[in-house]
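Novice: In the order they appear, the protein sequences are chains L and W. In case it helps, my numbering puts the first sequence at residues 0 to 353. In case it helps, my numbering puts the second sequence at residues 586 to 760.
To be clear, the hints were calculated from the coordinates, so they are not data collected in a lab. The structure presented is a predicted model; accordingly, all values stated were derived computationally and were not measured. Among these hints, one or two may not hold up.
Stated by the list, open to error - Listed below are several chain L residues computed to face chain W (Cβ distance under 8 Å; list not exhaustive):
1) ASP118
2) LEU171
3) VAL220
To be verified - Going by beta-carbon spacing under 7 Å, a handful of chain L positions derived as facing chain W:
4) PRO3
5) GLU14
6) HIS99
7) ARG121
8) VAL122
9) ALA249
10) ALA250
11) ILE252
12) LYS288
13) VAL289
Quick reminder that beta carbons are idealized off the backbone N, C-alpha and C, glycines included.
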Amino acid sequence: MNSPLEDRLREALTEAGATVDASTLRPLQASGRRRSRVDLRMVAVAGVVLAGVAAAVLVAPGDQQRVTTANPPAKQEGPIDVTLFMCERSSMQSPDCEGHAATPTQMMTMHKTLKAMPDVERVAFEDQAAAYERFRREVAGNEALLDMVKITDMLASFQLVLKPGADVDAVLRKAKSVTRVAFARYPKLRDELLPDGDGAKADVTALLCGDNSVETACGAVVSSSPTKKVPKILKTEGKGITPAQQKAVAAAIDTMPGVQSAHFEDQQEAYENFKRAYASSKNILRVVKVSDMPTSFRLLMSPGADWSAVIDQLRRLPGVARVINNRCKEQQAKILWGYGISVPEKKLCGAITP
Amino acid sequence: MEVEQLSHGEVLIRERVDVASIFAEHHVGLVRLALVMVGDQATAEDVVQEAFARTHAGRGRLRDPDRALAYVRSAVFNGCRSVMRRRALAFRRVVPYEPPVWSAESAVLMSEERRQVLLALRELPRRQREALTLRYYLDLSDQEIAETMGIGASTARSTIARGLAALGRVLGEGS
């Protein structure tokens, strides 16, 4: 379908782009005039489960080195498993693919490149059909999920075994210079994506409105843009929850069936959690202050409780900015880890999320 | 069934997208895009940095994740355009000189054949150059190209067609 000219152009641009060495990029800085307002506040408090991954994603590339040093991967004993999920025109595609699917040529180039790397001991390839078969086997019994994910949603992947002590970052960088990778799975990410232990984690988190909230639920007004080109911009900030509203929320939670226990987390406590989750990203920590953190109620649910009713009710209470179903997030993370795809929460937890 | 695009980042963050995270997530890609437009990494980084500072200072908060990237790319594009304008006006460069990727000095970085293509691309009018870059570097659809460049989809399509034809002519003459 492509003319030779188009191929030449594509290759020239790709090669030019590839001369950018991601590891040497200067980190982005917001202008000094205004304090950077990276809106990670909401992200962080969503739960420690996911905060780590968000950090991994949001860290400016210049920070990567620091992340690595903070968490030295090199000393890992034994071979290292890394999986590269390739871009596919899946309805659950990662935006890293930017709507793009890996072509057979790119797949072959990737295979060759990976095999040629000295750090790579073994390369196995799993195609879409095999991935789907594995998916059916592994989630057997979860009919809803099986219905949701089709074979065309699955991603082919290269499954690598790296030599002990291999430089995982370097391998990933090199692979990503060949073509876009939908999701790269490596041991260090597992701890961030799916931390275990920590039984005190909340099932449901209700984030409360803070001052300067950007949530429409808190009264923030977002401009409706006159043209489609211009994105909508925040016009008026929302209002923080009032003490009376907070009391009302606490009282409502007390009467909710299915809630086993509730804990109020103040800004200081939220900040401590945030600091722990983002310990490796100094840039982010520099711009976020205690006063940026939202307060929240963290609920533990009883087994068999009607989560959707509780979440629905919480969402409607004045002063509640957002309600997060942490278990659903966790399931999303598991699917992402296993198959490299992001099932939208609306689909995955449709019954729970209106 | 509803189709929604979520990255591993957004799985966590949900629909709300803010400019800062778009920039952070796509930093390398944006620098690459700027590089193929302006020619050298130092300037490309400056352009992306400036676009970031500007949109971020305006505290741009995007409600529409689908359009967020197009918006950010537009900002980078505008930055590239003003760099090209400034250069045309022979303003002094703030950054130390770095030879453009398509220059002979950069021949070590790229093969001669690729360099010729990039040089030919430079010859085209700005719009054609931009449209071709978006199509053949980022593989964007007509609609996405239109949104990034602020033109209509059909204009994007015809600009690409004309650009390709022109590129063929330049290369035909050049080689």
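Novice: Sort out which numbered hints this structure fails and list those numbers smallest first.
Specialist: As far as the earlier hints go, 1, 2, 3, 4, 7, 8, 9, 10, 11, 12 and 13 are violated by this structure, in ascending order.
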